[in-house]
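Trainee: Each chain, letter by letter, is given below.
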Amino acid sequence: MRRNSRFIISTLAFGYAFLYIPLVLVVVYSFNDSRIATVWGGFSTRWYGELLRNEQVLDAAYLSLRIAFTSATFATILGTMAGLALARFSRFRGRTLFTGMITSPMVMPEVITGLSLLLFFVTLQQLTGWPGQRGFSTITIAHITFSMAYVAVIVQSRLSGMDESLEEAAMDLGGRPLRVVFDITLPLIAPAMVAGWLLAFTLSLDDLVIASFVSGPGSSTLPMYIFSKVKLGVSPDINALATLIIAFISAGVFVAWFVIRRRA
Amino acid sequence: MATSVQDHDSLWQRLTIATPYLWLLAFFLVPFVIILKISVADPVIAQPPFTPTIDDAGKLSATADNFVFLLTDKLYAITYLRSVMMATIATVLCLALGFPMAYGIARARAETRGLLLLLIVLPFWISFLLRVYAWMGLLNNYGVLNNFLLWLGVIDQPIQILYTDFAVFVGLTYSYLPFMILPLYATLERMDLDLVEAAQDLGASPTRAFWDVTWPLARAGVVAGCLLVFIPAMGEYVIPYLLGGPEALLIGRVLFDEFFVNRDWPLASAVAVVLLLLLVVPIVFLQRSQARNAEGSA
Numbered sequence: 001m002r003r004n005s006r007f008i009i010s011t012l013a014f015g016y017a018f019l020y021i022p023l024v025l026v027v028v029y030s031f032n033d034s035r036i037a038t039v040w041g042g043f044s045t046r047w048y049g050e051l052l053r054n055e056q057v058l059d060a061a062y063l064s065l066r067i068a069f070t071s072a073t074f075a076t077i078l079g080t081m082a083g084l085a086l087a088r089f090s091r092f093r094g095r096t097l098f099t100g101m102i103t104s105p106m107v108m109p110e111v112i113t114g115l116s117l118l119l120f121f122v123t124l125q126q127l128t129g130w131p132g133q134r135g136f137s138t139i140t141i142a143h144i145t146f147s148m149a150y151v152a153v154i155v156q157s158r159l160s161g162m163d164e165s166l167e168e169a170a171m172d173l174g175g176r177p178l179r180v181v182f183d184i185t186l187p188l189i190a191p192a193m194v195a196g197w198l199l200a201f202t203l204s205l206d207d208l209v210i211a212s213f214v215s216g217p218g219s220s221t222l223p224m225y226i227f228s229k230v231k232l233g234v235s236p237d238i239n240a241l242a243t244l245i246i247a248f249i250s251a252g253v254f255v256a257w258f259v260i261r262r263r264a
Numbered sequence: 265m266a267t268s269v270q271d272h273d274s275l276w277q278r279l280t281i282a283t284p285y286l287w288l289l290a291f292f293l294v295p296f297v298i299i300l301k302i303s304v305a306d307p308v309i310a311q312p313p314f315t316p317t318i319d320d321a322g323k324l325s326a327t328a329d330n331f332v333f334l335l336t337d338k339l340y341a342i343t344y345l346r347s348v349m350m351a352t353i354a355t356v357l358c359l360a361l362g363f364p365m366a367y368g369i370a371r372a373r374a375e376t377r378g379l380l381l382l383l384i385v386l387p388f389w390i391s392f393l394l395r396v397y398a399w400m401g402l403l404n405n406y407g408v409l410n411n412f413l414l415w416l417g418v419i420d421q422p423i424q425i426l427y428t429d430f431a432v433f434v435g436l437t438y439s440y441l442p443f444m445i446l447p448l449y450a451t452l453e454r455m456d457l458d459l460v461e462a463a464q465d466l467g468a469s470p471t472r473a474f475w476d477v478t479w480p481l482a483r484a485g486v487v488a489g490c491l492l493v494f495i496p497a498m499g500e501y502v503i504p505y506l507l508g509g510p511e512a513l514l515i516g517r518v519l520f521d522e523f524f525v526n527r528d529w530p531l532a533s534a535v536a537v538v539l540l541l542l543l544v545v546p547i548v549f550l551q552r553s554q555a556r557n558a559e560g561s562a
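So the protein lines, in turn, are chains C and F. Heads up: the first sequence at position 31 corresponds to 31 in the numbering used here, and the numbers run straight through without jumps. Going from the second sequence to the numbering used here is simple: count from 1 and add 264.
Next comes chain C alone, as it looks inside the complex:
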């Protein structure tokens, strides 16, 4: 085995320190008793208590979770269909446009996506009266639109890494196309769908800019609440909130990693 040089090893150490030191500090300071977030005033868990009594945070978190759950589910359905279409139906009318529309939302700057969707909803409301109020439904639609692209790409790459002989064999044995899809194709791409759902869920929970554009008065998602607070500077209860999120996600990712490694 070739060894990494000293230069490479020190860059790696620097890089990982760069990625993780800020997160570690947030965790440490979330247990700081002092109200001034940058001065250490002794160990305390008071900010966690305050966080759990803060109704605004709980409402925002509940709204964000509802949006993330709904949009991830629809994004997985639509994204799987799009991935199937791209990987299995090689020629159909408008395929180039379809491919472009799938990949563009992933790289489009969020301000453009957000602005275009808001102007769309405003125009739609003038023409049809819907959506009367922007909030849950408009944010969910926006999130489905950009996260279905990620699901489609994951499903497509899983399908193109898999040969079609199993599906063809099932067809040759007289399986109806719909049965073949549900009995053969879907079980094979299930891991990709799960990964896609999780990614869509995370992207939705994470989004600030697009949600800020398409939400209406009175509906703040969790990132919108956090942003309105941190605009004013460092705040101890946001440290506590960040620690909870970091702990929860790290635990989830590590458990998933161990499960996958066990199986492999």
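Simulated from the structure, these hints should not be mistaken for lab results. Check each hint, because a few of them may be wrong.
[What the hints assert, rightly or not] Result set (SDA-like, lysine to any residue): computed pairs, CA atoms no more than 20 Å apart in a straight line:
1) F:Lys301 x C:Leu127
2) C:Lys231 x F:Phe392
3) F:Lys338 x F:Val538
Given chain C, work out where chain F should sit, using these hints.
Mentor: Using the frame of chain C, we list chain F on its own:
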């Protein structure tokens, strides 16, 4: 019998294609047409605050005023240039740090490689906003970095780090580093390291071997990584807002303020259209390079 299977097949196929297709047409393509439409309108004090494209007399009413204003007003030209410059510098920084890291991960032992990659991906799953926020506590005047420098004796009073361009570069590099490392890793991992060794055996210096062998072989990953950093960095809103100073006007923030603070919808739309035009070339480039990569691996 055969025809009925065929019919069933095509109906199912059509449904699979049409459902996501129609969704994207409605919620992705149509909104862009609307942005284009509003960018050629005049602002008015009304609800909605812009003039209709077809006026009451049924005549087409469109104006290029917003675009003329963007191109002639110095502030906007400078902001666009600054955004390109900031995004370019962030891309170079990501590449400088990301390349050796990706290289090191690709050459690490198989057991550690998985863990190293996981640690690159993990921050990506943690809220972007909170990761940017984490730097606010680190960089402010009474923050950890200033205290550390004071303790070292490098400085004798706190220096302004937060709310400067430096802080924006740190934030951009930090946030987009995984986007650089992952495509680089993907190409470096596939690369045959014997080639580098062969070059060195034949007398090439390590530097020479790097530029003549490693770099050309890694080029696809470099291109993909750079574009994945540059494109979103151009429209970035949160990082300049939280880490940059009040003068850190990047185009994403200008668009946001033009819309929400000044409520000039037509001008905000024109800002978006120009930003999109600036990004069309890199986006098309990225899509073609990814299509080529997909063909290469299949």
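Trainee: Take the hints in turn and mark each one as holding or not.
Mentor: Against the structure, the hints come out as follows:
1. Restraint check for Lys301 of chain F and Leu127 of chain C: satisfied, since their Cα atoms lie roughly 16 Å apart, inside the 20 Å limit.
2. With a C-alpha separation of about 15 Å, the suggested pair Lys231 of chain C and Phe392 of chain F falls inside the 20 Å cut-off, and the hint holds.
3. Between Lys338 of chain F and Val538 of chain F the CA atoms are separated by roughly 15 Å; this keeps the pair inside 20 Å, and the hint holds.
In this structure, none of the earlier numbered hints is contradicted; all agree with it.
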